[in-house]
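J.: Chains as they are written, first to last, in our numbering: chain D, 1132 to 1321; chain W, 20 to 336.
Quick caveat, the hints were computed from the structure, so don't treat them as lab data.
Do not take every clue at face value.
To spell it out: a stretch of chain D is covered by chain W in this simulated footprint if at least three of its residues, at any positions, have a beta carbon under 8 Å from a beta carbon of chain W; those stretches are [unchecked claim]:
#1 1229 to 1243
#2 1253 to 1267
Some chain D residues flagged as far from chain W (calculated, every beta-carbon gap over 10 Å) [said to hold, decoys possible]:
#3 Lys1160
#4 Val1210
#5 Glu1212
#6 Leu1217
#7 His1315
#8 Gly1317
Keep in mind it's a predicted model, so treat the numbers as computed, not measured.
Virtual Cβ for every residue (Gly too), placed ideally from N, Cα, C.
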Amino acid sequence: MAKKYAMVHDNNLCIGCQACNVACRSENKIPESVYRLQVWVKQEEYPNGSLGYEYHRQSCVHCENTPCVSVCPTKASHVNEDGIVLVDNDLCVGCLYCVAACPYQARYVHPVTKAPDKCTFCHESRLSRGEEPACVTVCPTEALVFGDLNDPKSKINKVLSERVTYRQKERLGTQPKMYIVPNHKGGINS
Amino acid sequence: MNQIWGSMEQYNTVVWHWPIAVYLFLAGLSAGAIISAIVVKWMKGNDVSPWDGIIKAGAILAPVTIGAGLCLLIFDLTRPLMFWKLLIHYNFGSVMTIGVLALFAYMPVSILFLFGVFKKELAVDGPFKFLAPIADLALNYGKALEAITLVLAVGVGAYTGFLLSAMNSYPLLNTPVLPALFLASGVSAGISANLVVGLLFFTHSTKDANVSYLHGLDVKVIFAELFFIFILFVGMMYQGGATAHAGAAALGTGGLSTLLWVGVIGLGLLLPIGLNFALPHGVKHSHAFVIFNALIVLVGVLALRYYMLYAGQTFVG
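Same shape as in the complex, but just chain D (with noise of 0.2 Å):
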């Protein structure tokens, strides 16, 4: 059976360290200035005046119903079997559609190969060894969960069932396998 491979977030866990951050560049051998993934951080005030951290994982989300292949023209930018969204450098062109269209600026033009490029959940490397993204491995609080959404004994199917979640931008239809753990204090802003 085919994998729908996803992940969670739990933005309780994230401290911000930047440590997945730094584990894709070197795993992945990101060029200078540009990022598969950041952790972005909002400072939050609650009604009783206390303050807190909200932390957002800036990275491609792997829609299901994906407008970075629908508007593709040549069709380089696909979802593998595993439901990981990939971009084939052989078929791009270089017309940028997929970076404009995607709602979650998911997508960078590599310097190198001119090509857009983005999170894999390193697919080529990593994953294809049987290991989890570097990013995961990485995160010293265990902020991050991934796995097999078609596996029901999956780790995050089990978090999925355990702890509430939501999606960025759901209202777009995009369906995103990059479940959030809300934090447990203020309101979402989905």
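Following the hints, position chain W against chain D.
T.: For chain W alone, coordinates are given in the frame of chain D:
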């Protein structure tokens, strides 16, 4: 949200730059030029040579502007040497593929139209004598080819709007009225360009009756454009939330909103309408005024494409 470490440069929402705006303008102009040339040909019963200057202008403008636009488009790709892959790999769910296929058909029929109209200059006296059969083909099957050309031109004029409206990442672009607005403003640009080229370069063959006819048509199209722009923003307000915010920002923020109010609406739409009603009949029908009017309309349409592209990508709610 702020980054903690690393450059934010790649998160600029403006992905497509001015060459795309110029392409959108040229594609609309090309479609509008051939549409208005065919309309004059049909409505005024100009079925055989000598052709009216307007028809000649449209026959030249359509292939030249779309050709220039496509060159611009190819050089704007980040991998321009790979552009041929667009021609052999299709995704029928992508507006860009539909556009490529429409242009694939539109280019040859617009060139056929050119050879039909300029048979004498190109294929009889000119350097393309070997293409005389092509010119004859264009003339013998004129009506049928023009009907096909008209449909394809409407396709080319509208697809540029669908190209942008297909992206739900940009609320100002993701509206159903955009293809209609682009088609209307493209027709307006085509009419204006035909009038300028017809009156300047084919002065003797351009009939005054046809000039007034097209000029009158342009005023009606401009009213339609104004209404479409109104619908666009009212529609965004009614959607509320981030879309309403983006709409309000696009109407009132920075240089882009100035461009909308002054360039697009003021110069390109209201001034031509105002002059058309305010000026006495004699002035209104002078060639100098028609050319001046057509030029401000062209500037307005280019401003509209530039505004929509940049404001659309800038104000994301």
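J.: Are all C-beta atoms of chain W more than 10 Å from that of glycine 1317 (chain D)?
T.: Label holds. Min Cβ-Cβ 14 Å, cutoff 10 Å.
J.: Any Cβ of chain W at or closer than 10 Å to leucine 1217 (chain D), or is the non-interface label fine?
T.: Given a closest Cβ separation of 15 Å, the condition holds.
J.: Please check whether the beta-carbon of histidine 1315 (chain D) is more than 10 Å away from every beta-carbon in chain W.
T.: The claim stands: histidine 1315 (chain D) keeps its Cβ more than 10 Å from every Cβ of chain W (closest is about 19 Å).
J.: Report holds if the minimum CB distance from lysine 1160 (chain D) to chain W is greater than 10 Å, and violated otherwise.
T.: holds, 16 Å
J.: For glutamate 1212 (chain D), which was marked as not at the interface, is the minimum beta-carbon distance to chain W over 10 Å?
T.: holds, 18 Å
J.: Taking a Cβ-Cβ distance under 8 Å as contact, does the stretch 1253 to 1267 of chain D have three or more residues in contact with chain W?
T.: violated (count 0)
J.: Would the non-interface assignment of valine 1210 (chain D) survive a Cβ cutoff of 10 Å against chain W?
T.: It holds; valine 1210 (chain D) is separated from chain W by about 13 Å at its closest Cβ, greater than 10 Å.
J.: Quick check: do three or more residues in the stretch 1229 to 1243 of chain D have a beta carbon closer than 8 Å to a beta carbon of chain W?
T.: Three-residue rule met by the stretch 1229 to 1243 of chain D, so holds; n is 8.
The earlier numbered hint that this structure contradicts is number 2, and it is the only one.
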